[in-house]
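Student: Work out the full structure, taking the sequences as your base and the hints as a guide.
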Amino acid sequence: MGRPVPKPTNITKPFWEATRQNKLVIQYCKDCGTYTWYPRPVCMKCMSRNLEWKEVSGKGKVYSYTITHIAPKGFEDQVPYIVASIDLDEGVRILSNIVDCKPDEVEIGMRVEVIFEDLSEDMKLPVFKPSK
Amino acid sequence: MGKKDVVIAAYYETKYARRSGRSVYDFAGEAASGVLQNAGLKKEDIDGLAVLTSFSGANEPFWSVRVCEALALSPRWLQMVDVGGASAVVAVARAAEAIRDKRAETVMILGVDSPTTEWNTVYKGYRAEFEEPYGPMGPPGLFALFQRRVMKELGITLEHLGKIAITQRNHARLNPNALLRDEMTMESYINSRMVSDPLRLFDSVMFCDGGGALIVTTAENAETITDKPVYILGWGEYHNFNGSDPLPDVTQTGFQLATPPALKEADVKIDDIKTFQPYDDFTVAVAMQLAECGFTSREELPKYIENTDFSITGDLPLNTGGGQLSVGQPGLASGMVNLIEGVRQLRGEAGERQVKDANPTLVTGLGVVTLARHWHSNIVMVLGV
Chain W
1 MGRPVPKPTN ITKPFWEATR QNKLVIQYCK DCGTYTWYPR PVCMKCMSRN
51 LEWKEVSGKG KVYSYTITHI APKGFEDQVP YIVASIDLDE GVRILSNIVD
101 CKPDEVEIGM RVEVIFEDLS EDMKLPVFKP SK
Chain Y
1 MGKKDVVIAA YYETKYARRS GRSVYDFAGE AASGVLQNAG LKKEDIDGLA
51 VLTSFSGANE PFWSVRVCEA LALSPRWLQM VDVGGASAVV AVARAAEAIR
101 DKRAETVMIL GVDSPTTEWN TVYKGYRAEF EEPYGPMGPP GLFALFQRRV
151 MKELGITLEH LGKIAITQRN HARLNPNALL RDEMTMESYI NSRMVSDPLR
201 LFDSVMFCDG GGALIVTTAE NAETITDKPV YILGWGEYHN FNGSDPLPDV
251 TQTGFQLATP PALKEADVKI DDIKTFQPYD DFTVAVAMQL AECGFTSREE
301 LPKYIENTDF SITGDLPLNT GGGQLSVGQP GLASGMVNLI EGVRQLRGEA
351 GERQVKDANP TLVTGLGVVT LARHWHSNIV MVLGV
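Sequence order for the protein chains is W and Y.
So in our numbering, spot 59 of the first sequence is number 59, and the numbers just go up one at a time.
So in our numbering, spot 64 of the second sequence is number 64, and the numbers just go up one at a time.
None of these hints come from the bench; they were simulated from the model.
Everything numeric in this text was worked out from a predicted model, so none of it was measured.
Errors might be hidden in some of the hints.
[What the hints assert, rightly or not] What the simulated footprint calls covered on chain W by chain Y, stretch by stretch (three residues with Cβ under 8 Å from a Cβ of chain Y suffice, anywhere in the stretch; the number is not a length):
| # | segment |
| --- | --- |
| 1 | 25-39 |
| 2 | 48-62 |
[Stated by the list, open to error] Beyond 10 Å from chain W on every Cβ pair, some chain Y residues (computed):
| # | residue |
| --- | --- |
| 3 | K4 |
| 4 | S20 |
| 5 | S64 |
| 6 | L73 |
| 7 | E131 |
| 8 | D357 |
All residues carry an ideal CB built from backbone N, CA and C; glycine is no exception.
Tutor: This is the structure we're talking about:
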C-alpha cells in the first residue's frame with residue numbers, strides 16, 4: 001500500500017524500534033498496572049509517568065470494522081480493504097488493518113493476531129490477520 | 001423555565017456554496033457585517049468576540065487575533081473555540097459565562113470556514129503515526145466503525161438511519177439555503193454510494209463554504225436590538241468521555257452527562273422539548289443522540305425511531321432546516337447550521353418550514369472523532385423564548 005511513513009517522536013520511538021524486530025510493545029504503567037494506547041506522555045488511567053514498554057501477545061479480537069470503498073490518497077488501488085478496531089488481550093483497543101482476510105469474512109469478535117508489514121527500509125507497521 | 005438574563009439577540013447566516021472561491025476572511029466580513037446590520041448595532045457596541053476554529057484559517061497560531069484585526073474590532077474579551085463541531089454551541093456558552101461575569105456585554109460569535117476553497121489543515125498528535133498509515137477514509141471511515149458497533153449493539157438498521165436522512169432531506173427541500181434538495185427515498189438512501197461499509201454517502205455530510213454569526217448579550221441590552229430575544233436557558237458539556245478507559249464502550253457518550261445539567265438549569269424536562277436540532281455530521285450520530293440525550297432509552301431506540309414522526313408537523317421536529325446532512329457542512333463552522341436553525345425557529349422566522357411551537361428547543365454540538373472511539377466533545381443547550 002502507499003502508506004504514509006510515520007515520523008517517530010521521542011515518545012513513540014521505542015514502539016517503532018520494536019516493530020522493526022517484529023515485536024509489538026505497549027506502554028505499561030508500573031504504578032497502576034494499566035496498558036495505554038496510543039503512546040502518551042502519561043498513563044491514561046492515573047497520569048503517572050512511571051511507564052515502561054512491555055511486549056504483548058499481539059493477539060486480540062475485532063471490536064468493530066469497516067470495509068473501505070472510497071480511499072484516501074495513496075490507498076486508492078487497494079480498495080476494498082478492512083480497517084478495524086481491535087481489542088488486544090492485554091486490554092487496549094488499537095486501530096489497524098486486517099489482512100489475509102476477505103472483506104466478507106471479517107466479523108465482530110473474530111480472533112486476530114499481529115503480523116508486521118514493511119513500511120520503508122527501516123520501518124515496519126503492525127497489522128493483523130485472522131488467527132487459525 | 002430557567003434564567004432569562006442572557007440572550008441570542010441576532011443572527012446572520014451566509015449563503016452556502018461548494019468551491020465558492022472566497023477566502024475565509026471574506027466570509028468573516030460578510031457574517032460580521034451582516035449580523036451587525038441585523039442587530040442594528042455599530043461595531044463599537046461589540047465588546048466581546050468569540051471565533052470558531054476553521055480548516056481554512058485556523059492553521060496559524062493567531063487565528064482569533066487575525067480575525068479580530070481583519071474586522072478592526074477592539075473587544076475587551078476575545079476567545080477562540082477549537083472543539084471541532086461542538087465549537088458553535090460551546091462559543092455561546094463561553095459568551096454567556098463572560099457576560100454573566102461582566103467581562104463583556106455584547107459578544108459577537110463568528111463561525112466561518114471555506115474548506116472547499118482553501119484547505120490549510122495539518123493534523124498533529126497521533127494521527128500521522130497511528131491512524132493514517134491504516135488508511136481509514138477520514139471521519140466517515142472512523143464513524144463507520146462506530147456505526148457498525150451501534151448497529152450490532154442497539155439493533156439500529158439501515159432503515160432507521162435512512163428515516164433520519166430522508167426526514168432531514170424533506171426539511172431541506174423547504175430551505176432555499178440547503179445545497180442538497182433532491183428527493184431522497186429509502187431506495188436511493190440504501191443504494192447511495194458505499195463510502196466505508198456500512199456507512200454510505202447519504203449517511204455523511206458534504207463539505208461546503210460559508211457560516212454565520214450571532215450576537216449574544218444581556219436581556220436588558222437586547223431590548224433595543226430585538227423584540228424576539230432567544231434565551232440561553234441552560235447547557236451542559238462534557239469532553240473526552242471515558243477518556244481514561246483503554247477499552248471504552250463506544251455506544252456510551254458524553255451526552256449522557258451533558259444533558260441532565262442542561263435540562264436542570266433550564267428547568268425543563270426532555271418531554272417538554274418542541275424541536276431537536278442535533279449536530280448531524282453522520283446519521284448514526286443523530287440516532288445515538290436521541291437515546292443519549294434521553295428522548296428514549298437505549299433499549300427502546302429502534303422502536304422509538306420507527307414510531308416517532310420527526311417531520312415539521314410531527315412529534316419531535318428534527319433538524320428542521322435539513323441539518324448539515326442536507327444543507328452542507330461549512331467546515332468547522334458546522335455547528336452554526338443546527339444552532340442558527342434553532343434560533344430561527346424560536347423567532348418564528350423559518351418560513352415554509354416553521355413549526356407551530358418551537359419553545360423550548362434543544363441544540364447540540366459534538367466535536368472531533370477520536371482514535372477508534374467516538375466523538376470527543378459534547379454540548380447540549382436549551383434555548384427558549
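Student: May I ask you to check that S20 (chain Y) keeps its beta-carbon over 10 Å from the closest beta-carbon of chain W?
Tutor: 23 Å, holds
Student: Using Cβ atoms and 10 Å as the threshold, tell me whether L73 (chain Y) really stays out of contact range of chain W.
Tutor: The claim holds: L73 (chain Y) sits with its nearest Cβ about 37 Å from chain W, beyond 10 Å.
Student: Regarding the assertion that S64 (chain Y) does not contact chain W, is the least Cβ-Cβ distance greater than 10 Å?
Tutor: 27 Å, holds
Student: Is it correct that the beta-carbon of D357 (chain Y) has no partner in chain W closer than or equal to 10 Å?
Tutor: Given a closest Cβ separation of 40 Å, the condition holds.
Student: For K4 (chain Y), is the shortest CB-to-CB distance to chain W above 10 Å, so the non-interface label stands?
Tutor: The claim holds: K4 (chain Y) sits with its nearest Cβ about 41 Å from chain W, beyond 10 Å.
Student: Can you confirm whether chain Y covers the segment 25-39 of chain W, using C-beta to C-beta distances below 8 Å and requiring at least three such residues?
Tutor: Since 6 is at least three, the answer is holds.
Student: Counting residues of the segment 48-62 of chain W that have a beta-carbon nearer than 8 Å to any beta-carbon of chain Y, does the count reach 3?
Tutor: Violated, because only 0 residues of the segment 48-62 of chain W bring their Cβ atoms closer than 8 Å to Cβ atoms of chain Y.
Student: Per the stated criterion, does the least C-beta distance between E131 (chain Y) and chain W lie above 10 Å, as a non-interface residue requires?
Tutor: Not fine: 6 Å to the nearest Cβ puts E131 (chain Y) too close to chain W.
Comparing the model with each numbered hint stated earlier shows that hints 2, 7 do not hold.
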